[in-house]
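S.K.: As given, the protein sequences belong to chains A and B, one line each in that order.
To get my numbering, take the position in the first sequence, counting from 1, and add 78.
To get my numbering, take the position in the second sequence, counting from 1, and add 52.
Any given hint could turn out to be false.
Below 30 Å or equal to it, Euclidean Cα-Cα: the simulated BS3-like pairs (lysine-lysine) are [claimed, not checked]:
#	chain 1	residue 1	chain 2	residue 2
1	B	K213	A	K119
2	A	K88	B	K94
3	A	K88	A	K205
4	A	K119	A	K88
5	B	K94	B	K213
Worth flagging that the hints you see were computed from the coordinates, not collected in a lab.
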Amino acid sequence: MTTSMNTTVKVGITVNGTETTADVEPRLLLAHYLRDVIGLKATNVGCDTTSCGACTVLVDGESVKSCTVLAVQADGQSVTTMEGLSPNSTNLHPVAAAFRAEHGLQCGFCTPGMVMATVGLLKENPKPTEREVREGLEGNLCRCTGYHNIVRAVLAASGQDPDAGQTTSVEADAGRSPAGGVESAPGFSTGSGA
Amino acid sequence: MIPVAFSYARPDSLESALALLAEHGEDATVLAGGHSLLPVMKLRLAAPEVVIDIGRLPELRYIRLDGDEVAIGAGTRHRDLEASDVLGAEAPLLAAVARTVGDPQVRHRGTIGGSLAHADPASDLPAAVLTLGGTVVLRGPRGERQVPATGFYTGMFSTVKEPDELIVEIRVPRTGSSGWAYEKFTRRANDWAIVGVAVVDGRVGLVNMGASPLRASTTEAALADGASIEEAAALADQGTDPTSDLAATAEYRRHLARVLTRRALTTAAG
Chain A
79 MTTSMNTTVK VGITVNGTET TADVEPRLLL AHYLRDVIGL KATNVGCDTT SCGACTVLVD
139 GESVKSCTVL AVQADGQSVT TMEGLSPNST NLHPVAAAFR AEHGLQCGFC TPGMVMATVG
199 LLKENPKPTE REVREGLEGN LCRCTGYHNI VRAVLAASGQ DPDAGQTTSV EADAGRSPAG
259 GVESAPGFST GSGA
Chain B
53 MIPVAFSYAR PDSLESALAL LAEHGEDATV LAGGHSLLPV MKLRLAAPEV VIDIGRLPEL
113 RYIRLDGDEV AIGAGTRHRD LEASDVLGAE APLLAAVART VGDPQVRHRG TIGGSLAHAD
173 PASDLPAAVL TLGGTVVLRG PRGERQVPAT GFYTGMFSTV KEPDELIVEI RVPRTGSSGW
233 AYEKFTRRAN DWAIVGVAVV DGRVGLVNMG ASPLRASTTE AALADGASIE EAAALADQGT
293 DPTSDLAATA EYRRHLARVL TRRALTTAAG
């Protein structure tokens with residue numbers, strides 16, 4: 079715990095299972111800690127305004143946008159980046175493997191954030207519907223693939239048939255919110271007219 | 053974008069947080085989830101000398117029943133609200149509104165206390181608490197006080213909270229199975245409400261129809277007098293003062309308020 083006023087703070091952050099420590103300015107962003115202090119470059123800084131999600135990492139297992147978290151806020155916590163997912167390039171994490179198999183990327187800039195957001199989503203919701211995938215990745219922007227194959231990759235990573243998932247989502251959504259309702263419109267298209 | 057340098061403290065108790073706040077007063081800013089504060093610090097629209105991080109105080113993170121109310125710790129994250137079985141059963145409007153805030157990553161960090169303290173008129177949760185008839189519990193050097201949400205907001209980004217006070221709890225009545233609805237109109241995913249309308253138990257709250265969250269009191273009165281949903285919803289923009297900006301003109305916001313109120317009342321009526 080840091081209780082006194084400090085202009086430089088010693089942080090200890092477990093990154094991909096390895097303890098890291100550094101003396102940092104409190105204003106250092108977690109994204110810059112990961113990229114510049116400990117040299118893990120998979121985490122991209124895209125918009126730098128909490129919008130695009132390219133900088134998504136897991137903090138204690140939950141997805142966060144590391145451009146809007148201070149390194150000092152993650153002191154004593156455990157961070158997972160794209161580098162920490164797969165043992166090696168021939169033994170990919172299931173989510174990374176699904177993105178490859180379903181062609182869920184083109185230029186690849188958004189991919190580390192998409193993959194980390196997906197890992198966080200599937201931890202909270204292991205069998206999401208297509209709509210839940212689209213809502214779960216709402217905070218991640220891709221400017222080339224158009225999301226279709228990304229959604230397929232997430233469904234595949236969850237052990238579901240991407241083709242089956244896309245035909246049943248309308249029925250799955252029809253019975254929600256029986257006692258009330260929430261609409262956030264138009265927001266995004268599910269391709270189902272919803 | 054890099055914030056202006058600041059001193060940082062992460063007190064390990066609410067008491068030491070309050071002591072630091074009393075010591076530093078207006079030079080200090082409270083950091084909880086940081087998803088309103090850090091963006092404005094990165095844009096250098098805010099440059100506090102001291103940042104007091106209360107984001108990991110466990111005593112501020114809870115949702116529990118207390119008599120005929122649900123008591124929510126100010127440090128409770130949007131994701132906690134969204135996933136709470138207690139809220140789902142006792143105040144489902146609040147859980148549903150929390151689910152519309154930002155995106156999952158934002159909801160993992162943002163807190164209800166931070167959202168209310170920031171008092172952005174386009175925010176969802178302040179209007180939801182107002183619509184529910186909730187209460188904000190403040191603690192500071194002069195003790196604790198409870199402020200009804202109707203008297204909490206004083207204008208854009210401003211509340212009755214003193215600089216040496218912290219929001220420690222939000223209390224909302226248990227609405228149980230009363231009909232409710234939240235209509236949030238956006239043009240892009242992951243965006244602020246252009247206009248939002250919350251309805252529960254005959255009360256109607258408006259997002260982004262003035263400098264602070266508002267109740268559509270003319271609509272509420274009409275409903276109480278037996279008006280139809282259509283008649284009451286047509287009055288939803290009375291007494292409001294929406295702004296014109298890139299997203300919408302004031303007149304379009306008034307139109308949205310009427311339409312969304314009609315939809316929300318219809319949904320809430322089942």
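S.K.: Confirm or reject each hint.
M.R.: The hints, checked one at a time:
1. B/K213 - A/K119: Roughly 42 Å separates the two Cα atoms, so the pair is violated.
2. A/K88 - B/K94: Holds. A/K88 to B/K94 sits at ~22 Å (cutoff 30 Å).
3. A/K88 - A/K205: 40 Å, violated
4. A/K119 - A/K88: The given pair, whose Cα atoms are some 22 Å apart, holds under the 30 Å limit.
5. B/K94 - B/K213: Answer holds: B/K94 to B/K213 is near 24 Å, not above 30 Å.
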